[in-house]
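Protein chains: 2
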Amino acid sequence: MPLVLDYANLTTERLEGVGIPPDVLHHEIADDFRRALATLRAWREEGRLGFLDLPDTPGLADSVRRTVEPWLDEVDDLLIVGIGGSALGAVVLRDALGGVRWNVSARVRAGRPRLHLLDNPDPDSVAGLLADLDPARTAVNVVSKSGSTAETMALHLCVRGWLEEALDPETVRRRLLFTTDPKGGVLRAMAEREGIATLPIPANLGGRFSVLSAVGLVPAAAIGADLDALLAGAARMRTRALADDLRGNPAGLFATLLHTLHVDHGRPIHVLMPYSDRLRSLALWFQQLWAESLGKEGRGPTPLPALGAVDQHAQVQLFMEGPDDKVILFVAADPDADVEVPVPPGAPAELACFRGVTLGRLLDAERRATTEALRLSGRPSATLEVGRIDAGALGELFMMLEVATVLAGALYDVDPLDQPGVEAGKRFTWGLLGRDSFVPPEIPPADPALRTGEPG
Amino acid sequence: MPLVLDYANLTTERLEGVGIPPDVLHHEIADDFRRALATLRAWREEGRLGFLDLPDTPGLADSVRRTVEPWLDEVDDLLIVGIGGSALGAVVLRDALGGVRWNVSARVRAGRPRLHLLDNPDPDSVAGLLADLDPARTAVNVVSKSGSTAETMALHLCVRGWLEEALDPETVRRRLLFTTDPKGGVLRAMAEREGIATLPIPANLGGRFSVLSAVGLVPAAAIGADLDALLAGAARMRTRALADDLRGNPAGLFATLLHTLHVDHGRPIHVLMPYSDRLRSLALWFQQLWAESLGKEGRGPTPLPALGAVDQHAQVQLFMEGPDDKVILFVAADPDADVEVPVPPGAPAELACFRGVTLGRLLDAERRATTEALRLSGRPSATLEVGRIDAGALGELFMMLEVATVLAGALYDVDPLDQPGVEAGKRFTWGLLGRDSFVPPEIPPADPALRTGEPG
Numbered sequence: 001m002p003l004v005l006d007y008a009n010l011t012t013e014r015l016e017g018v019g020i021p022p023d024v025l026h027h028e029i030a031d032d033f034r035r036a037l038a039t040l041r042a043w044r045e046e047g048r049l050g051f052l053d054l055p056d057t058p059g060l061a062d063s064v065r066r067t068v069e070p071w072l073d074e075v076d077d078l079l080i081v082g083i084g085g086s087a088l089g090a091v092v093l094r095d096a097l098g099g100v101r102w103n104v105s106a107r108v109r110a111g112r113p114r115l116h117l118l119d120n121p122d123p124d125s126v127a128g129l130l131a132d133l134d135p136a137r138t139a140v141n142v143v144s145k146s147g148s149t150a151e152t153m154a155l156h157l158c159v160r161g162w163l164e165e166a167l168d169p170e171t172v173r174r175r176l177l178f179t180t181d182p183k184g185g186v187l188r189a190m191a192e193r194e195g196i197a198t199l200p201i202p203a204n205l206g207g208r209f210s211v212l213s214a215v216g217l218v219p220a221a222a223i224g225a226d227l228d229a230l231l232a233g234a235a236r237m238r239t240r241a242l243a244d245d246l247r248g249n250p251a252g253l254f255a256t257l258l259h260t261l262h263v264d265h266g267r268p269i270h271v272l273m274p275y276s277d278r279l280r281s282l283a284l285w286f287q288q289l290w291a292e293s294l295g296k297e298g299r300g301p302t303p304l305p306a307l308g309a310v311d312q313h314a315q316v317q318l319f320m321e322g323p324d325d326k327v328i329l330f331v332a333a334d335p336d337a338d339v340e341v342p343v344p345p346g347a348p349a350e351l352a353c354f355r356g357v358t359l360g361r362l363l364d365a366e367r368r369a370t371t372e373a374l375r376l377s378g379r380p381s382a383t384l385e386v387g388r389i390d391a392g393a394l395g396e397l398f399m400m401l402e403v404a405t406v407l408a409g410a411l412y413d414v415d416p417l418d419q420p421g422v423e424a425g426k427r428f429t430w431g432l433l434g435r436d437s438f439v440p441p442e443i444p445p446a447d448p449a450l451r452t453g454e455p456g
Numbered sequence: 001m002p003l004v005l006d007y008a009n010l011t012t013e014r015l016e017g018v019g020i021p022p023d024v025l026h027h028e029i030a031d032d033f034r035r036a037l038a039t040l041r042a043w044r045e046e047g048r049l050g051f052l053d054l055p056d057t058p059g060l061a062d063s064v065r066r067t068v069e070p071w072l073d074e075v076d077d078l079l080i081v082g083i084g085g086s087a088l089g090a091v092v093l094r095d096a097l098g099g100v101r102w103n104v105s106a107r108v109r110a111g112r113p114r115l116h117l118l119d120n121p122d123p124d125s126v127a128g129l130l131a132d133l134d135p136a137r138t139a140v141n142v143v144s145k146s147g148s149t150a151e152t153m154a155l156h157l158c159v160r161g162w163l164e165e166a167l168d169p170e171t172v173r174r175r176l177l178f179t180t181d182p183k184g185g186v187l188r189a190m191a192e193r194e195g196i197a198t199l200p201i202p203a204n205l206g207g208r209f210s211v212l213s214a215v216g217l218v219p220a221a222a223i224g225a226d227l228d229a230l231l232a233g234a235a236r237m238r239t240r241a242l243a244d245d246l247r248g249n250p251a252g253l254f255a256t257l258l259h260t261l262h263v264d265h266g267r268p269i270h271v272l273m274p275y276s277d278r279l280r281s282l283a284l285w286f287q288q289l290w291a292e293s294l295g296k297e298g299r300g301p302t303p304l305p306a307l308g309a310v311d312q313h314a315q316v317q318l319f320m321e322g323p324d325d326k327v328i329l330f331v332a333a334d335p336d337a338d339v340e341v342p343v344p345p346g347a348p349a350e351l352a353c354f355r356g357v358t359l360g361r362l363l364d365a366e367r368r369a370t371t372e373a374l375r376l377s378g379r380p381s382a383t384l385e386v387g388r389i390d391a392g393a394l395g396e397l398f399m400m401l402e403v404a405t406v407l408a409g410a411l412y413d414v415d416p417l418d419q420p421g422v423e424a425g426k427r428f429t430w431g432l433l434g435r436d437s438f439v440p441p442e443i444p445p446a447d448p449a450l451r452t453g454e455p456g
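Chains A and B supply the protein sequences, listed in that same order.
For the first sequence, this note's numbering begins at 1 and goes up steadily by one.
For the second sequence, this note's numbering begins at 1 and goes up steadily by one.
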């Protein structure tokens, strides 16, 4: 089924006065949308929106498959070394399509490598992970467009040192794949000098919009996902997301409704809450996309990831009775196979009530009940209906949320494609490490009066 | 080292006018604190704060050890079945002390079972996990105070059915351990009838304050953590956290500073950002504690989990340049063992700059640089310094954040021990499942005009 956005519970008809009046919904907001779409088209004309062209880049899926398949023949584990936009898409694809879940287990499909992410330069994680892996049976995909991301470069050196201690140089070379800029940067230069395989990240593609490039297609191919279906899903959604008719455009509705609920209706916190463990990390991918694209010039919403039904026992109390400053975006999906709750004969009444219930029905009832309880408390929500979680549905979701982010950038009047706020921290890091090419910050000395250790 | 809270970067001296003036810091806030501490003491008198008594409950650690050690002799995997407060503490202990990390691997200490959590009634997760485990080598700890939590009861029946298909009834019985109310509830009744081992959750202990009871001590014992050190750390912190002198009281400072930064200084979003993969799930545990305790009567802050350095490539852009509505609480910790970045001879300049750098130094520099960049942007932050991540440090953190939550409840003038907002959703769930004992909600029919599927 195609992705559906149900937004009835954002309207005054359902929310008794606190939602968006129907006339605003399809008139004022349609004006906002038209302006945002015009801005998007101008940015596209300027060649800034490379992600829109990925679904029909000639030979993209083929080149990834041709590179990845022989490369992974001799390994049991694939390490992705990258951070932020270079890593989160891989995690979404793995969790949604790879049969692996963060909080549950590390099962892999028969014949497919386990997929691990090294994103944080935390020595305990790096030492712990490398101690578990066999360098002779591990492939490494280093992902950095510029090759200058400090965390990724440091982790790359650590992993490479670990490979080189155990293997001859030719085997090390064959185990590496760099996903990086097609022309410049340190990874590109190393690859050319040493004959390491590479795949390109197009020049007009930022990290957080790169999941449908080789950045995400390599891990997708590794877990055996259908790359053609992924790109076809994205292409289908692109048509819908760039259409002028707002009522049929889920990306346009998503962006304009969330924007107006923030700036006109006082709800700056946007909760994405999938009812599916497999889509849990989609909320983290969306958080990065939404926060880094829109949080600038003192503006921008705060995305908040959640997970149903788990967060009914954690965050829903706050959503229901805390300040009315949130919009809840549920994500509904169908499980691959349902599981019936087995009730033994003679079970007490508290358990007998599960007779005939499946886990899938329980989870679905919990989502609908939470939606309804929020509505009756006057709290707005909308639901993205994904259907079956397959490669096509992921392609639709990625493209929809990426187009929505660009439209939201136009609505918030910020540039959704830059991230100026992270540069100062990067410079300071190098300063603190004593590297001369950067100016160290003058950090004020600690004030012992404003620290609490043992009671004085 | 004892836990330290460095809050210099919340003051006007550092933040050029936007922070808390020093006179307010140690006078007005001290008045708030005195009132909150008096309320806490009254609630304690009423017997509502059972978590304060856990560190010196006679025989608590011994009874858990005596139960857990022989029980786990014959297994490779331990499944915790619980949700919310009955599950998150186990995840924190496992990630911090058990050598297992969500985003990295599933390594376990030699001779200790792998620890898995089943919290979500997601059929794909349940089927996937059970397909990976051997019922003959799996123990199951069901955690629910009342025994009436729908998700936990449904998952318990599924896991039990899976055990019963493979094992004789006596072996099934020996594989189960219920952590539940000492007297009432369906789990207690089943345990008594069938001779299943149990451990108690004291009557005056809510789920989100239960990590230092058998709820958290069972998984802690399973991974080989030092239960005595955990409880001793909590006892040390209890003394500091209940002390009248605000300047030496990290729980008091944490609660009063965050409260005033919200209600007097317009910063309702409280970010907890550990710079350590092992403490990533601490931020989720804190989120549940803070949100469910304080989010009521239209009041309460919104806790937002983050992870350093990863979120420097995701959320920090928003923290730095988005709306000034957040306080960032960093958590600094020492790794168990540092890892030097190996730089090969003749490396290009972009990599040679890592010579002599360790991952631990890099991570620490990134945290300090981000703190400083935030300060220069006028964004307030504070830092919890944990030192080495051991059982004692975890005990201190749990107790500090629990006491801070109760104090914050007094400051926000809400009852931090209830969760009325989640009841309607629970009732509606049963209604949707067609169970007569609950009233189904009247859900308005879907409005096709407010759904977007294929373009119309």
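Heads up, some of the hints might be wrong.
Copies of one chain are not kept apart here, so a pair can be met inside one copy or by any two copies together.
Claimed, not checked - Straight-line C-alpha distance at most 25 Å; calculated SDA-like pairs for lysine to any residue:
{"#": "1", "residue 1": "K426", "residue 2": "V172"}
{"#": "2", "residue 1": "K426", "residue 2": "G47"}
{"#": "3", "residue 1": "K183", "residue 2": "A197"}
{"#": "4", "residue 1": "K183", "residue 2": "R14"}
{"#": "5", "residue 1": "K426", "residue 2": "R160"}
{"#": "6", "residue 1": "K426", "residue 2": "S146"}
{"#": "7", "residue 1": "K183", "residue 2": "G387"}
The set of hints was computed from the structure by calculation and includes no laboratory data.
How the hints compare with the structure:
no., hint, in the structure
1, K426 <-> V172, "neither (30 Å within a copy, 55 Å between copies)"
2, K426 <-> G47, "neither (28 Å within a copy, 50 Å between copies)"
3, K183 <-> A197, "within (14 Å within a copy, 64 Å between copies)"
4, K183 <-> R14, "neither (54 Å within a copy, 44 Å between copies)"
5, K426 <-> R160, "within (24 Å within a copy, 52 Å between copies)"
6, K426 <-> S146, "within (14 Å within a copy, 50 Å between copies)"
7, K183 <-> G387, "neither (40 Å within a copy, 44 Å between copies)"
Hints 1, 2, 4, 7 from the list above are not met by this structure, while the remaining hints are.
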